[in-house]
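> Given next are the chains, with one letter for each unit.
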Amino acid sequence: MNVWPLKFRETPDGGIVFADDAGGFFKSDEGFLRRYSNDSLNASDLAFLRDGGHSFGKEFDLPWTSFAYRWSRRQSRPQQLSYVILVPTLRCNLACGYCQVSRASEAARGFDWTADTLRDVLAYLGSLETTDIKVEFQGGEPMLRIDILEEVRTFCRSRFREAQFVVCTNLQCLGSRELAFLEADDTFVSTSLDGDRATHERQRTHESVRTNEFFDNLDHVVGRFGPGKVSALPTIDVDNPPDFPALLDNFENYGIHSVYLRPVNHQGFARKLKQGTNVLARWNRIHADFIDLLVDRNCRTGRFMEEYYFSQCLKRVLQLGTDNHVDIRNPNFFASDYLVVDHDGRLYPTDEARMQSRIGRIDLSIGSVTDGLDLAKVALLNTSSLNNFDPDCIHCVYQPFCGTDVIDDVSRYGRVDVPRPDTWFCGRHTAVFDKVFELIYRRDEAVRQSLAHWAGVSSWAEEMAPAHS
Amino acid sequence: MTTTLVNTGRLRWKINEVAVEGAPRVGDGHRSANRTEGCGSAAVTVEIAEAFHPYMDAAVLRLQSQHPYASFDIADHGIVVTDSAGIGDIEIRKAVLHAVYRERIYAETLSMRLALVAAVTSK
Amino acid sequence: MIPLRIKVDANADEPFVVRLRSFEGSVAGDIPIALDARDVVLERVSDAAEYRGEGGCIRVHGIDPSQIDGDVLLVNPHRGSADRLVRASSPHNTFLVTERCDQLCVMCSQPPKAHHVDLFAHFEAAALLAPEGATIGISGGEPTLYKEELLNFLVQTMGKRTDLRFHILTNGQHFDELDMPMMRSLERERIVWGVPLYCRSPEVHDEIVGKQGAHARLVETLGFLCRAGAQIELRTVLMKRNAPGLTALARFITSTLPFIQTWAIMQLESIGYARQNWQRLFHDSSAEFDGVGRALDLVRSRGIEAQLYNFPLCTVPASYRHLAPPTISDWKRAYLDECRDCTIKDGCGGFFEWHPKKHGYAKLGAQS
Chain A
1 MNVWPLKFRE TPDGGIVFAD DAGGFFKSDE GFLRRYSNDS LNASDLAFLR DGGHSFGKEF
61 DLPWTSFAYR WSRRQSRPQQ LSYVILVPTL RCNLACGYCQ VSRASEAARG FDWTADTLRD
121 VLAYLGSLET TDIKVEFQGG EPMLRIDILE EVRTFCRSRF REAQFVVCTN LQCLGSRELA
181 FLEADDTFVS TSLDGDRATH ERQRTHESVR TNEFFDNLDH VVGRFGPGKV SALPTIDVDN
241 PPDFPALLDN FENYGIHSVY LRPVNHQGFA RKLKQGTNVL ARWNRIHADF IDLLVDRNCR
301 TGRFMEEYYF SQCLKRVLQL GTDNHVDIRN PNFFASDYLV VDHDGRLYPT DEARMQSRIG
361 RIDLSIGSVT DGLDLAKVAL LNTSSLNNFD PDCIHCVYQP FCGTDVIDDV SRYGRVDVPR
421 PDTWFCGRHT AVFDKVFELI YRRDEAVRQS LAHWAGVSSW AEEMAPAHS
Chain B
1 MTTTLVNTGR LRWKINEVAV EGAPRVGDGH RSANRTEGCG SAAVTVEIAE AFHPYMDAAV
61 LRLQSQHPYA SFDIADHGIV VTDSAGIGDI EIRKAVLHAV YRERIYAETL SMRLALVAAV
121 TSK
Chain C
1 MIPLRIKVDA NADEPFVVRL RSFEGSVAGD IPIALDARDV VLERVSDAAE YRGEGGCIRV
61 HGIDPSQIDG DVLLVNPHRG SADRLVRASS PHNTFLVTER CDQLCVMCSQ PPKAHHVDLF
121 AHFEAAALLA PEGATIGISG GEPTLYKEEL LNFLVQTMGK RTDLRFHILT NGQHFDELDM
181 PMMRSLERER IVWGVPLYCR SPEVHDEIVG KQGAHARLVE TLGFLCRAGA QIELRTVLMK
241 RNAPGLTALA RFITSTLPFI QTWAIMQLES IGYARQNWQR LFHDSSAEFD GVGRALDLVR
301 SRGIEAQLYN FPLCTVPASY RHLAPPTISD WKRAYLDECR DCTIKDGCGG FFEWHPKKHG
361 YAKLGAQS
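Residue numbers (UniProt numbering), protein chains in the order written: chain A, 1 to 469; chain B, 1 to 123; chain C, 1 to 368.
Treat the hints as calculated values from the structure; they're not laboratory data.
Do not take every clue at face value.
As the list claims (entries may be wrong) - The list that follows gives simulated cross-link-like pairs (lysine to any residue, SDA-like), each with its CA atoms no further than 25 Å apart:
id, chain 1, residue 1, chain 2, residue 2
1, A, Lys27, C, Cys226
2, C, Lys211, A, Ser72
3, B, Lys123, A, Pro331
4, B, Lys94, A, Arg177
5, C, Lys345, C, Gly303
6, A, Lys58, C, Lys357
7, B, Lys94, A, Arg361
8, A, Lys27, C, Glu177
9, B, Lys123, A, Arg224
10, A, Lys27, C, Ala248
11, B, Lys94, A, Ser458
12, B, Lys123, C, Glu187
13, B, Lys123, C, Glu220
14, B, Lys94, A, Arg9
15, B, Lys123, C, Pro181
16, B, Lys123, A, Ser258
17, A, Lys58, C, Ser201
18, A, Lys134, A, Ser458
19, C, Lys240, A, Asn42
20, A, Lys58, C, Cys226
21, A, Lys134, A, Arg9
22, A, Lys27, B, Glu108
23, A, Lys229, A, Asn240
24, B, Lys123, A, Ser458
25, B, Lys123, A, Ser72
26, A, Lys27, C, Glu353
27, C, Lys332, C, Lys357
28, B, Lys123, A, Tyr98
29, A, Lys58, C, Met183
30, A, Lys229, A, Arg285
31, A, Lys58, B, Tyr69
32, A, Lys58, C, Pro181
33, B, Lys123, C, Gly229
34, B, Lys123, A, Lys134
Stated by the list, open to error - Across the chosen pairs, the derived CB separations fall in these ranges:
id, chain 1, residue 1, chain 2, residue 2, range
35, A, Ser40, C, Gly210, 56 to 62 Å
36, C, Gly365, A, Gly228, 49 to 55 Å
37, B, Gly88, A, Asp327, 54 to 60 Å
38, A, Phe389, C, Val155, 39 to 45 Å
39, B, Thr121, C, Glu338, 33 to 39 Å
40, C, Phe120, A, Asn388, 43 to 49 Å
All residues carry an ideal CB built from backbone N, CA and C; glycine is no exception.
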């Protein structure tokens with residue numbers, strides 16, 4: 001019997017989590033690890049490994065085929081471009097503390113699509129092969145150019161079989177034209193809601209009149225269009241986090257049950273490692289505590305909320321082909337299924353790449369709507385976009401569930417070949433997956449209820465978490 | 001009297017009470033490692049079974065990068081760790097053994113991985 | 001119950017296939033559909049409905065012509081009847097390829113017979129006349145006992161009608177590596193292979209299907225089907241014998257059969273052998289659902305689709321009802337008297353027409 005290579009990691013309770021390259025996982029102990037490493041597995045070990053799909057007899061037999069299938073499904077495949085982020089303007093009517101590098105003031109000139117850019121963008125969209133499209137409008141504040149949004153939407157509706165639109169707006173200014181635009185069934189709102197009112201004001205709106213404006217508009221949109229229309233994301237300052245129970249109450253109040261916690265991303269390469277580590281450790285602590293808070297709250301109220309990224313990572317552990325979130329998948333090829341079109345018509349692989357280029361650190365543009373994609377540059381970025389044979393990742397138990405973020409590495413360290421364990425991306429994801437596995441192997445009822453909901457099943461039972469002793 | 005880790009053939013270690021004349025007394029909490037004091041740095045020897053010897057070089061390289069404040073050297077029967085800056089003996093042992101396990105697993109299964117990739121990507 | 005066989009007179013020596021056009025010129029909107037050589041048009045109705053065309057002349061008795069418009073019949077002149085191979089108004093059309101089988105399942109709804117009549121030529125003709133986008137079931141006995149004819153039929157039909165889809169039931173005992181090129185040539189998205197697997201344990205599975213070594217052979221075939229890129233609907237009829245092993249089977253699916261499209265856990269159909277052995281076989285899932293629920297949850301937690309076929313909704317706990325779509329074919333579906341005022345009847349597939357009066361469900365009844 002051949003056993004596929006197993007990666008392993010100790011857990012705080014003294015156990016060891018194992019996983020193969022296809023993401024088949026189980027929990028065991030140091031004794032099993034010793035037997036495995038020493039080539040002295042006993043009959044019980046072998047039976048367990050066989051039942052769990054971790055071994056095969058010969059190439060192309062059913063167990064081999066199944067493993068090959070599961071491994072293949074874990075690799076994210078190149079897709080047709082069908083999701084575009086459009087930045088029609090960099091101007092904004094807010095000055096959020098954490099966004100200073102990207103926005104331009106409302107009165108500034110030269111930060112919008114020109115008529116030519118709009119024409120080229122539409123031509124570029126028209127040239128796409130996909131039958132369906134998702135368009136996300138970002139900025140600055142995209143609603144400042146409602147005219148461009150209307151034109152793009154009209155074009156896409158006729159050009160594509162199915163089109164969906166998301167407007168990432170600060171909801172500060174909603175006139176009748178803006179509301180009419182949002183009314184459509186194919187159009188959704190994504191906004192920022194930084195927890196409780198006080199935090200939101202401190203970080204984003206700064207003045208109570210503007211804060212009132214935001215919450216009034218949010219009330220109005222949710223009330224008029226229903227909760228399914230709006231999603232909201234909080235940005236968390238590690239140094240000054242919000243009142244999290246109040247954050248959850250607030251989100252639930254607006255009918256939003258999925259909360260995607262994101263830390264403020266301090267740009268710049270000048271951070272020393274120590275300081276970086278400290279922020280990372282604090283963020284990991286905040287996030288882990290938030291999950292515990294959620295579990296407790298869900299159990300108490302019987303109404304289930306989730307932290308979006310945690311749920312995504314949970315699904316990546318449990319299921320194959322969960323590649324829908326562009327920040328976590330492997331390989332994470334650029335310019336595959338989505339692209340960013342900036343205020344000047346230049347193309348970027350991700351929004352962060354756009355921001356990096358904006359602050360002048362490094363030009364990560366990969367073409368323009370006029371000239372098309374710079375395939376050579378895309379290929380260059382893509383060479384580091386997979387983790388399978390990275391010298392650190394290959395030993396990591398979380399490798400099959402994890403991904404890469406070349407742009408984040410560049411933004412923080414100025415290079416893509418920093419040893420994985422020294423990167424924010426690795427530190428962040430190790431912590432998230434540690435938490436995922438902690439919950440998977442916890443036995444209390446409250447955790448099981450939340451896990452069931454987040455995994456999309458009716459109940460969570462013992463057999464969901466394989467273990468061997 | 002010191003206690004040493006003894007390799008009993010496969011990679012199992014047991015604690016042996018061995019009378020060694022003149023050897024410094026080992027302090028509390030360090031029962032299970034061979035530690036010699038001297039020159040201000042404490043050395044811990046982790047015995048490694050022969051089957052794992054081919055992988056010690058690669059393991060030490062990795063250990064060095066993961067624990068830059070410690071020093072790892074290859075001796076006849078194992079890996080000697082010095083200057084481990086307050087990392088407990090049990091942690092050192094685990095770190096070293098796990099590193100060696102990983103290198104062996106990697107080396108001995110690399111052909112399986114390559115064969116899998118070749119099989120699923122072939123036309 | 002909807003009749004699948006109708007009384008038909010025809011002046012011919014051999015069986016033949018026709019398509020009925022009950023509305024003259026059969027128009028879709030204002031555009032007349034061009035007549036096929038096998039189309040017969042309703043000319044008059046007296047004591048029977050008279051159809052005429054290039055395909056011949058037939059007289060259909062005992063059924064309203066408007067109900068059979070577009071139907072494709074296999075007319076058997078000697079028997080004086082015709083089988084409605086394709087009912088144009090129904091999504092449930094199945095070609096019975098053979099009544100022979102190499103297994104003898106304890107609950108078989110179509111107990112095997114020794115003789116076989118090759119109808120593939122008729123099936124091909126009938127498939128080509130099916131409505132646009134139809135899904136045609138292929139069943140038996142065991143269709144792959146005539147594997148070569150079956151594969152040729154698929155290649156021909158799918159080549160000429162690029163809109164047709166097939167759902168093929170097979171016990172997976174007769175595929176081998178030599179079939180790989182042909183299997184790979186079939187368009188993956190348009191065929192679903194319905195393959196039964198009753199238990200993780202070879203002993204229990206073999207006992208249920210009445211054939212030694214069936215489990216081992218089947219497991220090999222499942223690997224073959226994966227490599228052929230085939231879509232698989234894994235089917236497990238729930239019975240007393242295999243109910244306890246459902247979770248182990250679920251674990252086997254997640255670790256070793258993750259490539260299936262769907263796992264269908266099916267309630268017993270009281271016909272054929274199942275009817276004779278009802279008390280011994282029937283597992284009352286309304287009283288004992290826990291094992292079923294856990295099996296469903298395990299498989300679904302791993303992202304594999306799982307469904308309940310032929311489970312009346314009232315017998316399923318509320319949190320699992322969304323996994324129980326209406327699956328009983330229209331021609332054999334019925335509801336009980338107590339279903340009349342049920343608030344969830346519309347989403348429920350009801351019972352089999354021949355469900356025994358002593359149905360065996362402890363928990364049953366209209367939901368309010």
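> For every hint, state whether the structure bears it out.
How the hints compare with the structure:
Of the pairs offered as hints, the one joining A/Lys27 and C/Cys226 is violated, with about 29 Å between alpha carbons and a cut-off of 25 Å exceeded. Only pairs whose Cα atoms come within 25 Å are accepted, and C/Lys211 paired with A/Ser72 is rejected, the gap being roughly 34 Å. Of the supplied pair hints, the one linking B/Lys123 and A/Pro331 holds, its CA atoms being roughly 20 Å apart against a limit of 25 Å. The suggested pairing of B/Lys94 with A/Arg177 is violated, with an alpha-carbon distance near 65 Å, which exceeds 25 Å.
Proposed proximity of C/Lys345 and C/Gly303 is contradicted: the alpha carbons are some 29 Å apart, above 25 Å. A distance of roughly 52 Å separates the Cα atoms of A/Lys58 and C/Lys357; the hinted pair therefore is violated under the 25 Å criterion. Restraint check for B/Lys94 and A/Arg361: not satisfied, since their Cα atoms lie roughly 42 Å apart, outside the 25 Å limit. This hinted pair does not check out: A/Lys27 and C/Glu177 have alpha carbons roughly 38 Å apart, beyond 25 Å.
Annotation: proposed proximity of B/Lys123 to A/Arg224 is violated, straight-line Cα distance about 54 Å (limit 25 Å). Using a Cα cut-off of 25 Å, the hinted pair A/Lys27 and C/Ala248 holds, with the two alpha carbons roughly 19 Å apart. Simply put, B/Lys94 and A/Ser458 have alpha-carbon atoms about 40 Å apart, too far for the 25 Å limit, and the pair is violated. The hinted pair formed by B/Lys123 and C/Glu187 meets the criterion: a straight-line CA distance of about 18 Å does not exceed 25 Å.
For the given pair, B/Lys123 sits about 23 Å from C/Glu220 by alpha-carbon distance, which is consistent with the 25 Å threshold. Our distance criterion of 25 Å between C-alpha atoms is met by B/Lys94 and A/Arg9, whose separation comes to about 11 Å. Note on B/Lys123 and C/Pro181: the hinted pairing holds, with a Cα-Cα distance of about 14 Å set against a maximum of 25 Å. Simply put, B/Lys123 and A/Ser258 have alpha-carbon atoms about 42 Å apart, too far for the 25 Å limit, and the pair is violated.
Between the alpha carbons of A/Lys58 and C/Ser201 the distance comes to roughly 21 Å, so the proposed pair stays at or under 25 Å and holds. In summary, the hint linking A/Lys134 to A/Ser458 is not supported, as the alpha carbons are separated by about 31 Å, beyond the 25 Å threshold. In summary, the hint linking C/Lys240 to A/Asn42 is not supported, as the alpha carbons are separated by about 35 Å, beyond the 25 Å threshold. Between A/Lys58 and C/Cys226 the alpha-carbon distance is near 16 Å, which keeps this suggested pair within the 25 Å criterion.
Between A/Lys134 and A/Arg9, the direct Cα distance comes to roughly 39 Å. Violation of the 25 Å bound is thereby established for this hinted pair. Only pairs whose Cα atoms come within 25 Å are accepted, and A/Lys27 paired with B/Glu108 is accepted, the gap being roughly 23 Å. For a cut-off of 25 Å, the pair hint linking A/Lys229 to A/Asn240 is broken: about 30 Å separates their Cα positions. Using a Cα cut-off of 25 Å, the hinted pair B/Lys123 and A/Ser458 is violated, with the two alpha carbons roughly 41 Å apart.
Distance restraint check for B/Lys123 and A/Ser72: the Cα-Cα separation of roughly 14 Å lies within the 25 Å cut-off, and the hinted pair is therefore satisfied. For the hint linking A/Lys27 to C/Glu353, the alpha-carbon distance of about 49 Å lies beyond 25 Å, and the restraint is violated. Distance check on the hinted pair: C/Lys332 and C/Lys357 sit about 16 Å apart at the alpha-carbon level, within 25 Å; holds. Our distance criterion of 25 Å between C-alpha atoms is broken by B/Lys123 and A/Tyr98, whose separation comes to about 49 Å.
Taken as a hint, the A/Lys58 and C/Met183 pair is honoured in the structure, with Cα atoms around 23 Å apart against an allowance of 25 Å. Distance check on the hinted pair: A/Lys229 and A/Arg285 sit about 32 Å apart at the alpha-carbon level, beyond 25 Å; violated. Our distance criterion of 25 Å between C-alpha atoms is broken by A/Lys58 and B/Tyr69, whose separation comes to about 45 Å. Note on A/Lys58 and C/Pro181: the hinted pairing holds, with a Cα-Cα distance of about 22 Å set against a maximum of 25 Å.
For a cut-off of 25 Å, the pair hint linking B/Lys123 to C/Gly229 stands: about 14 Å separates their Cα positions. Between B/Lys123 and A/Lys134, the direct Cα distance comes to roughly 33 Å. Violation of the 25 Å bound is thereby established for this hinted pair. Separated by about 43 Å at the C-beta atoms, A/Ser40 and C/Gly210 break the suggested range of 56 to 62 Å. Against the hinted window of 49 to 55 Å, the Cβ-Cβ separation of C/Gly365 and A/Gly228 comes to about 34 Å, which falls outside the hint.
For B/Gly88 and A/Asp327, the Cβ-Cβ distance of about 37 Å falls outside the hinted range of 54 to 60 Å, so the restraint is violated. The supplied range of 39 to 45 Å is met by A/Phe389 and C/Val155, whose beta-carbon atoms lie about 41 Å from each other. Roughly 58 Å separates the CB atoms of B/Thr121 and C/Glu338, a value that falls outside the hinted 33 to 39 Å. Roughly 48 Å separates the CB atoms of C/Phe120 and A/Asn388, a value that falls within the hinted 43 to 49 Å.
Consistency with the previously given hints fails for numbers 1, 2, 4, 5, 6, 7, 8, 9, 11, 16, 18, 19, 21, 23, 24, 26, 28, 30, 31, 34, 35, 36, 37, 39, ordered from lowest to highest.
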